[in-house]
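Student: So the chains spell out like this:
There are 2 protein chains.
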Amino acid sequence: MHVTILGGGGFLGRKLAARLAAEGAIGGRALAGLTLFDLAEPPPLAAPFPVTRLAGDVADAAQLAQAIPAGTGVVFHLAAVVSAAAEADFDLGMRVNLQGTLAVIEACRALPTPPRLVFTSSVASFGGGQGAVLADDARQLPANSYGAQKAAAELILQDASRKGFLDAVSIRLPTVIVRPGRPNKAASSFVSAILREPLLGLDTPLPVEEGFAVWVCSPRRAVEWFLHAAAMDTAPLGLDRGINPPGLSVRVGEMLAALTPSERAHVKPAPDPAVQAIVGGWPAAFTAARARALGFSPQEGVAEILAAFREDDLAATRAERGL
Amino acid sequence: MHVTILGGGGFLGRKLAARLAAEGAIGGRALAGLTLFDLAEPPPLAAPFPVTRLAGDVADAAQLAQAIPAGTGVVFHLAAVVSAAAEADFDLGMRVNLQGTLAVIEACRALPTPPRLVFTSSVASFGGGQGAVLADDARQLPANSYGAQKAAAELILQDASRKGFLDAVSIRLPTVIVRPGRPNKAASSFVSAILREPLLGLDTPLPVEEGFAVWVCSPRRAVEWFLHAAAMDTAPLGLDRGINPPGLSVRVGEMLAALTPSERAHVKPAPDPAVQAIVGGWPAAFTAARARALGFSPQEGVAEILAAFREDDLAATRAERGL
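One line per chain: the protein sequences are A and B, in this order.
When the letters of the first sequence are read in order and numbered with our numbering, they come out as residues 1 to 323.
When the letters of the second sequence are read in order and numbered with our numbering, they come out as residues 1 to 323.
Treat the hints as calculated values from the structure; they're not laboratory data.
Glycine included, C-beta positions come from ideal geometry on N, C-alpha and C.
You may find that some hints are simply not true.
[Stated by the list, open to error] Estimated spans, in silico, between C-beta atoms of each pair:
(1) Glu311(A) / Lys163(B): 34 to 44 Å
(2) Gly131(A) / Leu39(B): 39 to 49 Å
(3) Thr113(A) / Glu209(B): 34 to 44 Å
(4) Arg310(B) / Lys163(A): 39 to 49 Å
(5) Ala293(A) / Ala257(B): 42 to 52 Å
(6) Ala274(A) / Glu209(B): 49 to 59 Å
(7) Ala270(B) / Ala18(A): 55 to 65 Å
[As the list claims (entries may be wrong)] Cut-off 30 Å, straight-line C-alpha distance, at most; resulting in silico cross-link-like pairs (DSSO-like, lysine-lysine):
(8) Lys163(A) / Lys15(B)
(9) Lys268(B) / Lys163(B)
(10) Lys268(A) / Lys185(A)
(11) Lys185(A) / Lys15(A)
(12) Lys268(B) / Lys185(A)
(13) Lys15(B) / Lys185(B)
Isolated chain A, as found in the complex (with noise of 0.2 Å):
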């Protein structure tokens, strides 16, 4: 079986390409081939099988057939433009999120099998704010555009299921963190900010109160979910491909606790209205019951997370970033 990872350059689309070359296989099913594709062309990865890195455009339907060729038994579909980047910019996060998520689609139905999509979608695509705690038949009433692109792309998706052209499983992930590298143009950013940038001895801005609320998971749990919808039988999902995964509901301040004394100093308050806004509208929890009973795991917590982290991730960023 041929596996493909669009964003395969990303945070998440290299921790996921490192795991299938760890693994060499997805659900007991052996890996032919691994694509990654990203707008830069991917870093080069060891792997027991051959792996083939391109840089293209998701929306461009020439360069996604090329990436996903005849044989592709799963498309992880991680590309996108995150958050902030999308509400700064309406026309890319439309061209990328929306209509590269139709493009994919047009790509796998021109397979001779439908493959298996693992969609990243986001808890973005929920409207609830800080009091909410969604339900699984919770609609998507989004307050950012990469939600409401994110949550029509779903729709879309949901239905080429039903026609048989793919056969999809769209995650909505909670804030993913702690993200290595340096600060983006998410708006939540800082989530991962400010556990990172204290343990690289460097100062940052916390743009909202202690008490805030966040729905969160590591990368390593975010890319077991990924490895679990690759593999899960979709048959129980029927027509609702949509899965709120099992993350965890953390305040600021708990994160902070996590952290020593020296290290939390790093953390400054500078209130973020514009963060706020897009953030402030996202919920701070889910039930999660469908994904649990499902098999998609559930996420531990704060300390683990930052252990995780301090495993996987901080001597790279260090390095990365020259400290």
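Keeping the supplied structure of chain A fixed, place chain B upon it in accordance with the hints.
Tutor: Same frame as chain A, now just chain B:
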């Protein structure tokens, strides 16, 4: 103020245009001109303001720019590929129902002042089926391509409203009865046919059981809702631009009871699994509390619907079909 009706040559578009010609204003704002746009050039309309009739493709940016000139205050976007047609031809439905609506957003965004956009979404954008009584916050989990495309378009219209590109109100229309003319490709075509055809003295198949419930409205009521949506204050809507209007939940047997025995004899049971599969997934009732509170008037009963059809459309339908 200029007004445009996309789908202005269709059944509801023509009725809406006639109503605008009769009133000359929307919510106290006088019409300076009306553009009727459809695949085929809409029929002439006598009106106290200039009427422009255009043939074109709703997914074509240049043609839309002509149809939505500077000075447009209200756009009624009724252009659509109906349910069974969108189910039979996925690409056509996507092009018109989703990409066409995205093109309408771009045309509105190009105007100096954001216009009101009244969009016809559909009961088909919901799942739930016969047993359902949907609350206003019910999510859209469509079981057909038409509904998926409408729901996805609603999400982007909602976001475009938040961004200030336009000011959208999406009306999830019930099944509209009694449609004049001939049976069409809508899966719900039978709901009109079982009243219209007997009045014309013609036999017609009944693809469902008499206990089957449908969420309906009359053409007169739909036009009332369009005009209310065009003139209403949208501030109370907030982010949520979708309206479940107060239609009527009625069983097929109740509709048939409004016919005389000799008329009713023209309705011939002929179960059709394909029609049942589409229409059977649509919810048969909504609470519609929010729409009532927002001033959308409730649908009257079957007897009034039938009387309106006799008054408004029976003679023209007879003539059109050479009966």
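Student: Please go over all the hints and tell whether each is borne out by the structure.
Tutor: The hints, checked one at a time:
no.: 1; hint: Glu311(A) / Lys163(B): 34 to 44 Å; verdict: holds (42 Å)
no.: 2; hint: Gly131(A) / Leu39(B): 39 to 49 Å; verdict: holds (48 Å)
no.: 3; hint: Thr113(A) / Glu209(B): 34 to 44 Å; verdict: holds (38 Å)
no.: 4; hint: Arg310(B) / Lys163(A): 39 to 49 Å; verdict: holds (41 Å)
no.: 5; hint: Ala293(A) / Ala257(B): 42 to 52 Å; verdict: holds (45 Å)
no.: 6; hint: Ala274(A) / Glu209(B): 49 to 59 Å; verdict: holds (56 Å)
no.: 7; hint: Ala270(B) / Ala18(A): 55 to 65 Å; verdict: holds (59 Å)
no.: 8; hint: Lys163(A) / Lys15(B); verdict: violated (35 Å)
no.: 9; hint: Lys268(B) / Lys163(B); verdict: violated (51 Å)
no.: 10; hint: Lys268(A) / Lys185(A); verdict: holds (19 Å)
no.: 11; hint: Lys185(A) / Lys15(A); verdict: holds (20 Å)
no.: 12; hint: Lys268(B) / Lys185(A); verdict: violated (62 Å)
no.: 13; hint: Lys15(B) / Lys185(B); verdict: holds (20 Å)
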